[in-house]
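Q: What follows is each chain in one-letter form.
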Amino acid sequence: MKKVLVLFAHPALQKSRVNSQILEHLRGLENVTVHDLYQEYPEFDIDVAAEQDLLAAHDIIVFHHPMFWYSTPAILKEWQDLVLEHNWAFGKDGNALKDKMFMPLVTTGGPAEAYCAEGHNRFTVRQLLAPVEQTAVLCKMRYLPPYAVHGTHSITEEQIAKHAHKIKQVMQGLQQGELTAENIAKSEYMNSHITD
Amino acid sequence: MAEGGFFFQAFVYLTAAVVSVPIAKRIGLGSVLGYIIAGVVIGPFVMGLIGEEGQDVMHFAEFGVVMMLFLVGLELQPSLLWKLKGPILGMGGMQVGVSAALITTIALVFGLPWQTGLAIGLTLALSSTAIVLQTLNEKGLMKTTGGQNSFSVLLFQDIAVIPILAIMPLLAVSGQVAHHAGDDGHHVTTWVEGLPIFAQTGVVLGVVVAIIVAGQYLIGPAFRMIAKTRLRELFTAAALLLVIGIALLMTKVGLSPALGTFLAGVVLAQSEYRHELEIDIEPFKGLLLGLFFIAVGASIDFNLIANNPGLISQMVVALVVLKFVVLFAIGRFFKMGLDNNLVFSFGLAQGGEFAFVLFSFAIQSNVISTDIANPLIAVVVLSMIFTPLLMLLNEKIIQPRFGTTESSDREADAIEEKNQVIIAGFGRMGSTIGRFLQANGQTATYLDTNPDNVDLLRKMGLPVFYGDASRHDLLHAAGAHEAKLLIVAVDSPEKTQAVCEAAQKHFPHLEIMARTRSWTDSYEILDSGITDVYRETLDTSLRMAAEALEKLGHRKYQARRAIKTFRKHDERYLRELASMRHDQKQLISGARERIQDLESRMLAEIDNIGKDKDLGWDISTLLDEFGNRRDD
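Chains A and B, in that order, are what the protein sequence lines are. All letters in the first sequence, in the order written, are residues 5 to 200 by the numbering used here. All letters in the second sequence, in the order written, are residues 2 to 633 by the numbering used here.
FYI, nobody ran anything at the bench for these hints, they're computed from the structure. Mixed in with the good hints, there may be bad ones.
Unchecked claim - Here are the simulated DSBU-like cross-link-like pairs (lysine-lysine), alpha carbons at most 30 Å apart as the crow flies:
| id | chain 1 | residue 1 | chain 2 | residue 2 |
| --- | --- | --- | --- | --- |
| 1 | A | Lys102 | A | Lys19 |
| 2 | B | Lys140 | A | Lys19 |
| 3 | B | Lys565 | A | Lys81 |
| 4 | A | Lys19 | B | Lys565 |
| 5 | B | Lys485 | A | Lys81 |
| 6 | B | Lys86 | B | Lys26 |
| 7 | A | Lys81 | B | Lys86 |
Unchecked claim - Derived, one-sided and incomplete: chain B residues facing chain A with beta-carbon distance under 7 Å:
| id | residue |
| --- | --- |
| 8 | Ile564 |
| 9 | Lys565 |
| 10 | Ser621 |
| 11 | Leu623 |
| 12 | Glu626 |
From the three backbone atoms N, C-alpha and C, an ideal C-beta is built for every residue, glycine too.
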C-alpha cells in the first residue's frame, strides 16, 4: 500500500475547529503520516535532513493548510525554501521526489462561489495555488487537483464530518492507485471525484 | 493486671500494633480492625497484659480523635464547609433526631422511665467519628458524596454532644441533686460554670471568634518566626502546642475539644503552613487513634457478654439494623445514589466513643443505673467492632451485586481541585516559570522553604506553601500523586537531586523537569533517568552572545540561527558526556574531543553561513547548473 505524508501547517490550531477535526481523522488512517510542522519546529529551525528522509519514505505528499493570503502559512513556505534543495528535489541530479504524487488539501473561510472569475477572489483555488503546482512539477512530481473545504466560517458539524469522510476516501483512493487518471489530474477540484 | 512501668506498657501496645495491623491489612480487614483485635488479645480476657487502666488509656487516646478533626479541618476550605451546611444540619439533624426518638421509644416499651430512655436514645444515636473517618480515609472514600455526607453527620453529632451533656443533669431520675462529674478527664471544672446562661454563651462565642481571629492574623506570623529557626522539631512542637492549647481552651469553656480544633483547622486551611502542619500532626494522630482502637478492643467486657450472650447480641443487631434503616431512609430522602447511600448507611450504623463519656456522665447524674449502662457500653463497643466488618461486607459482596456506578461528573463537585503542576522552589527561576504558567491559564502548587518569600507571594494571591520538597510526604500533601508534572526549580544542586530522588521513588508517574547549574550536576540528574534538564544560565548566555554578534555587525537572523544550532549540539554533547561519565579518563578525552568538535562546527557555522544547513538559500549550485545549461 502506498504511503501518504501529510505536511500540516496551522500556526493556531487551537482556534481551528475544521482543521483539528480533519487532522484527527487523518491521524487514524493506516499508512498515513501526519507531520505537524508548527508543532515540530516551533522555532522554525527545520531539520532539512530529517525532512528529506521523511519525504523519501513516502509516495504521496499532501500539503494540508488553511489558505493564508492565497498561499501557504509561513512555515510551509520556509519548508519549501529549505527542504526542496537543488540537486536533491530538482535540477539535473535532483530526482528524489520523481514520480511521487502531490496534492494540496486546503481550507478557506470564504464560500466556494467566491473562488471563480466572477467571484470575490477572481481566481479558482487551483489557479491561486499555481506556485505550489509549479513547485511540484519542477520537482518532477505528479500534481493532483486540490481538495478544498470552503466556507469554514459558517460550516456545520455535519458538513465537517462529511468532508472528513470524503477526505478519507480520497486518501484511500490515492493509496490504491485510483484517482490518478488524466481527466482527474486536470480538473479544478479533487472534491468532485468523490461521491457524497 | 499489667506490670512494670511506662516502658513495658509502651512495649506491649506497640508490639500489639506492629504485629496485628500488618496482618489485618494483609487479609483485607483494614487497620481499625487490626488495632481492635490487638486490643482484645493483649486485654484482660486473653493475655491479660493490660487491665483496667485500658479505660484511662482510652480517655487519653481519644485525643487522637481531636487531632483527626484538626486534620479534617485543615483539608476543608471555609467555602467548602459553607457548602456543606445543608447536609450537616439537614442530614445530621435528621439522623440524630429520628434515631434518638426510635431508640427512646424502644426503651419506653421495655419499661424504662422516659428520662433514662431519652438519655439512652440520644447517646446511642451518635456514631463513631474515629472508626468511620479512619475507615473511609483508608478506603479512599472521604471525597465521595457518601464520604462527605458521613462526615457532615459526624460533625453534627460532635456539635450535638454539647447540648446533650448540658441536659443530662436535668434528666435525673431520683430526686437526688446531680453531682458533677469532675474527674473523668473530660469534664474538668470550667470557667463558665456558675455564670448566667447569657454570659456563658457570650464567653463561648468570644472564644470561637478569638480562635478565628488568631488563626487568621496571629498564627501565620508565629509559624513564620518558628520556621525561620529552621529547627524541624520546633515546628512540630508548635503544631502540637496549637492543637493541645485549643483543646484545653475548649474544655475550659465547656465546648468539645474536637469541635474547637476542627474550627482551628478550617481557619488554617488557607494558610501556607497547612501542609507542614498536616505532616507534623499526622503521625501523632495515627498513633493515638491506634491506641484508642486498641483500648476499645481491650475494654470489651467478655464476662458481661458471656453472662448475657443472647440479650447482648440481640441488642447489637437491633442497634445496627435500626441505625442502618434510619440512615438509608435519610440517604434516599436526600437523593443519594445507591453506592454512596450504602457506604453512608453501613458506615454510620454503630454506637460511638461519645457513648463512653455520655453513659459515665449519665450514671453520675443519676439518669441511668450501672446495670443498664454497662451492657449498653458493651453493645456500643461490639457495634463499633462490627463497623469495619460491615463496610468490608458492603465493599466485597453487596456493592458488586447491587451497586450502581454513579457518573463521576456529579461527584466531581465535592472533590478539591488539584493542580497538575507542582513547582518546587519559588525563587528567581520558579517565580518566572510560575508567572508564565499563570499568565497562560495553568495554575500550579508551589513549594518553598523561605518563609519571607512564601509570605510575600502569598500576599499576591499565589498558592505557595512552606516546606521542603524533598520530603515525599510534603510532595504527597501538595498533590504529587495526582499531579502530572513536577518542576524542580530549587537553586542548590544537592537539593535538586534530593527532590528528584524523592519524586522518582514515591511518584514514578510524575514527569520531572529539573533546573541544574553546572555540567557536572546535570550529569547527575541525567544519570538518574531524568531527561528534561535545564541549565540555568545557558539560554541567557546564548542570547547575550547572539546580541553581541549583532553589535559586531552580523546579520540578526544569522546570529539567531547560529544560537539554535549551537544549543542543539550543546545539549547533545551534554547527554553524550553524561552517559560516559563513569569512566573519568574517557570523560576528559571525550570533553576535549567535543570542545574541538564544537569549535570546528562553530567556525564552519560563522565562516560560511548555512553552507551545510541552509542549502536551500544557497544559489552556488544553481549557478553551476544554470551555467552548464547555457553551455549546452
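Q: Are the hints correct? Go through all of them and say.
A: Consistency of the hints with the structure:
1. Lys102(A) - Lys19(A): Violated. Lys102(A) to Lys19(A) sits at ~36 Å, over the 30 Å cutoff.
2. Lys140(B) - Lys19(A): violated, 43 Å
3. Lys565(B) - Lys81(A): Satisfied, since the Cα-Cα distance of roughly 20 Å is no more than 30 Å.
4. Lys19(A) - Lys565(B): The hint holds at about 28 Å.
5. Lys485(B) - Lys81(A): Cα-Cα ~36 Å, so violated.
6. Lys86(B) - Lys26(B): Between Lys86(B) and Lys26(B) the Cα gap is close to 35 Å, so the pair fails against 30 Å, i.e. violated.
7. Lys81(A) - Lys86(B): Distance ~62 Å between Lys81(A) and Lys86(B) Cα, so the pair is violated.
8. Ile564: Constraint on Ile564(B) not satisfied, violated at 10 Å.
9. Lys565: Nearest chain A Cβ about 4 Å off; hint holds.
10. Ser621: Violated: closest Cβ of chain A sits about 9 Å from Ser621(B), beyond 7 Å.
11. Leu623: Leu623(B) check passes; min Cβ-Cβ to chain A is 5 Å, inside 7 Å.
12. Glu626: holds, 5 Å
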